[in-house]
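Engineer: Take a look at the letters that make up each chain.
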Amino acid sequence: MSATTHTVNEPRALPRYLSALWAVIWKDLAAEWRSREMLSAMLVFALLVILIFNFALELDALARQTVTSGVLWVTFAFAGTLGLNRSMAVEKDRGCLDGLLLAPVDRSVIYFGKALSNLVFMLAVAAIVLPVYSILYNTNLFRPGLLLVVLLGSVGYVAVGTLLASMAIQARTRDILLPILLFPVVIPLLVAAVKASTGFLQALPIEDIRPWLNLLVVYDVIFIAAAFMVFDFVVEE
Amino acid sequence: MDAKPRWLSVLDVVTALMLTAATIMVFFYAPMEAVMGPVQKVFYYHVAHAWVGMLSFIVAGIAGIAYLRTKNIKWDIVGLATVELGMVFMLVGIVTGSIWARPIWNTWWTWDPRLTTTTIMELIYAAYLMLRQGIEDPERRARFGAVYAILGVVSVPLTFFSIRIFRTIHPVVIGGGDPGADGSFDMTPKMLQTFLFSLLAFTVLYADLMWHRIRLGRLAERVEQLKLRLSQ
Amino acid sequence: MMIEVRHLIKRFGVKVVLRNLEFSVAPGEFVALLGPNGAGKTTFLRILASLSRPSFGEVRIAGYQLPHQAAEVRRQLGVVSHLPLLYGDLSAEENLRFYGKMYSVPGLDARITQVLELVGLAARRRDLVRTFSRGMQQRLTIGRAVLHNPSVLLMDEPHTGLDQDACEMLDGVLREVAGQGHTIVMTSHDLARAAGLASRFDVLTRGAVQASAQRADLQEDGLLAFYRRALEDAAPMQPEKSLV
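Protein chains in written order, with my numbering: chain A, 1 to 237; chain B, 1 to 232; chain C, 1 to 244.
Chain A on its own, in the form it takes in the complex (with noise of 0.2 Å):
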C-alpha cells in the first residue's frame, strides 16, 4: 500500500466533524443503554438525596414552596458529579482516551461529544427525578420555565464539568477531586438556576426572574467558549 496524502478538503471538513461528534455521542449512548451503570447509579443517588433532604428538613408545605429549588439542584449538582466522573473513567481505565486523540479530527470533537452525552445523562437524570420529587411532594414541577431553567443549568453544569472531569481523572485523587475543583467554579450556575427556578415554581412575574436567566446564559456562554479554548491544553502532551 502507497502511503495516500489526504488534503483537507473545506466541503467536506464540517460533515467529517459532524459525523465524528455524532460518533462520540451515539457511542457513548450506547455503551452506557448497555450496562445501565452510570444512569442506575445517578438515579438511586438523586433519590436518596431527595429522601434526606425530606428527614433532615422536614419540610412542611409551605416552606417546601421556597426549598425545593434548593433541593433539587443540590441533587442535580452531586448527582451530575458520579456521571461526569464516570463518563471520563471509561475513557481513561482501558486507554481509549489515547484511541480518540489518534483519530485525525479536532480535538473538539472529543469535547463537544462527551459534553453533549453528559448533557443527556443529566437531562435524562432530570427526566426522572422531576416527576417523582412531583409526586413525593404533590407540586407541579412540569412548568416550562423550570424545564428551561434545567436544561440551561445542565448546559452550563456540564460545559464546565466535563473540562474538570478530564483533568480530574488524571489525577491520583480522581473520585474526590472533580467536586472540589467543579463546585466552587460553578456557584454563580447554581445560585441563578435555583433563583430562576423559584421564580417560576412561585409563578413570579418575568421581570425579576429575568435577570437570572440572563445570567444563566452568560454563564453557559463564557465558559463553553473557555473549556473549548483550554481543552487542547487538557489532553495534549
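Hints are computed from structural coordinates only; laboratory data are not their basis. On a predicted model such as this, the values are computed, not experimentally measured, just so you know. Where a beta carbon is used, it is the ideal one built from N, C-alpha and C, also for glycine. Possibly wrong hints are sitting among the right ones.
[Unchecked claim] Here are the computed lysine-lysine pairs in the BS3-like style, where the Cα-Cα straight-line distance is at most 25 Å:
hint : chain 1 : residue 1 : chain 2 : residue 2
1    : C       : K15       : B       : K71
2    : B       : K190      : B       : K41
3    : B       : K227      : C       : K15
4    : B       : K227      : B       : K4
5    : B       : K227      : B       : K71
6    : B       : K74       : B       : K4
7    : B       : K227      : B       : K74
8    : C       : K15       : B       : K74
[What the hints assert, rightly or not] Residues of chain A placed beyond 10 Å of chain B at every Cβ, according to the derived structure:
hint : residue
9    : A13
10   : L18
11   : E37
12   : F45
13   : D60
Since the structure of chain A is already known, use the hints to place chains B and C on it.
Structural biologist: Frame of chain A, contents of chains B and C only:
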C-alpha cells in the same frame, strides 16, 4: 543564581520599614473612629490583606495564560507562588474581616457578596493546590494548574455578580443591624492616607514574598536536577 | 524514508528520557525495537504516535512533521498499545464502526467485514467486547488499527498478557498485515517472538538507539548475543547542563 540578589535584600529592608511605618500610622497617625472605636483599626489590615488576596488571584490567572502560551516552567513557579501566598493573605483578610464585623454587626459572619466571594476564592485556591498534589508529571501539573487558575479567575466575577443580585433582591437580615451595609464610615484625610499607605505597604510585602518564593521554587528545580545527575 | 527521527530529546521536568535519538525506517520495513525496562521505548512510541510532544528534535512520518502536521500524520498511523483501546460495552462490530467513523473510512461496512475476517473474529462480530478473552481483544485492536489502511503501524508490546496459543494467533495476523506492505515498528520484551516477525532489530537503551541489525546479518541465536552486546556497549548517559 545561588547567592541572594542584592536588590532582594534591599526590598526586604524596604518592606520591613514600610510595614513598621504603616503600623505606626494605623495606631498613632489615624484618628480614632467615632462610632466604632479602636476595633476600626483592624479595617486597615483587613482591606490590605483582602486586596493582596485578590491581586494574587489575578496574577495566578495571568501566570496561567502565560504558561500555556510559552510553556516556560518559570510561569508555573510564579503561579504556584502566588496561589500559596494568596491563600494566606486572603485567609488573614477573611479572619480580620470577621474580627471587625463582630462588634459592629454583632455577628461573626455575614453572607454578603464580598465575604462570600472571597471565601469561594479561598476554596478555589485550595482546590488548585489539591489538583497539583494529585499529579506526578511536572509538565502536566503545570498545564492543569494553569487551566484551573484561568477557569477560577473567570468564574469569580460571575460569582460576585450572582451573589450581589441575590442580596439586592432578597436582603437578609442576620442578627442585629443590616449586614448588607458596608459598615461604611466617612474617612477623614488622615484615615485615607493611612488606608492607602497600608495598601501600598502590604502590596510591597506581597512582592517581596513572591520574589522569595519564586527563588525558592527555582532552587527546588535545581535541586531536582542535581539529584538526578547524582543518581546516574 | 517513511519514518525519520533526528536529534530527538524528550524531557519530563528535569528528567531526560530520550537523548539525541536517531531513527529511520524505510517503507515496508518491520522493525523490532528492543530494550530493557525504562529505556524509553514506550515514550518514544508515544511521540511517534503523536500522543506526546518532543522536547527537541525532528520527527517526520510519511513526510509530515510532528507536532505541527499532527492531523495529517494521524491519518497515516495505526497504533496498538497494551491497553485495548476498545469499549467493553460495545460489540466488535460497533467498536470498528465507531473508529471507522472517526477516521472517515469509506465503504465502512465492507471494510469492517474484511477486517474481522483478517483477525479471525468474523464469528464474534455481534458479541460485546467485554466477553472477549485478552487474546481476542488484542486481535480486534489490531483490526481497529488497520481499519483505515494506515501506512504505518506502531505497536507497543502487543504480546503482553497473552498465552502461547493467543501469541501464535496474533503472530499470524501480524505476518499477514506485514505482508500487505505496512511499515511496522514494534517494541518488544520477547526476543524470541520478535525474531520470528521482524526484518530489522534496533536496541534502545539509555535514551538512544545504540545498535541496529538486519535479520539477514544475524546468525542462528545471533539476536540474543547481538542484544546483550548492544546493552554492554551502550555509552553511559551524559549529565545534562543546568536548565534553570
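Engineer: Indicate, hint by hint, whether the structure satisfies it.
Structural biologist: Status of each hint after checking the structure:
1. The suggested pairing of K15/C with K71/B holds, with an alpha-carbon distance near 16 Å, which does not exceed 25 Å.
2. For a cut-off of 25 Å, the pair hint linking K190/B to K41/B stands: about 13 Å separates their Cα positions.
3. Between K227/B and K15/C the CA atoms are separated by roughly 10 Å; this keeps the pair inside 25 Å, and the hint holds.
4. A hinted pair counts as satisfied when its Cα atoms are at most 25 Å apart, and K227/B with K4/B qualifies at roughly 22 Å.
5. For the hint linking K227/B to K71/B, the alpha-carbon distance of about 23 Å falls within 25 Å, and the restraint holds.
6. Of the supplied pair hints, the one linking K74/B and K4/B holds, its CA atoms being roughly 18 Å apart against a limit of 25 Å.
7. About 20 Å separates the Cα atoms of K227/B and K74/B, which keeps this hinted pair within 25 Å; it holds.
8. For the hint linking K15/C to K74/B, the alpha-carbon distance of about 17 Å falls within 25 Å, and the restraint holds.
9. The beta carbon of A13/A sits about 26 Å from the closest Cβ of chain B, which is more than 10 Å, so the claim that it is off the interface holds.
10. Under the 10 Å C-beta cut-off, the non-interface status given to L18/A relative to chain B holds; the minimum distance is some 27 Å.
11. The claim that E37/A lies off the interface holds: its Cβ sits roughly 25 Å from the closest Cβ of chain B, which is beyond the 10 Å cut-off.
12. For F45/A, the non-interface assignment is confirmed: its Cβ lies about 22 Å from the closest Cβ of chain B, beyond the 10 Å cut-off.
13. For D60/A, the non-interface assignment is confirmed: its Cβ lies about 21 Å from the closest Cβ of chain B, beyond the 10 Å cut-off.
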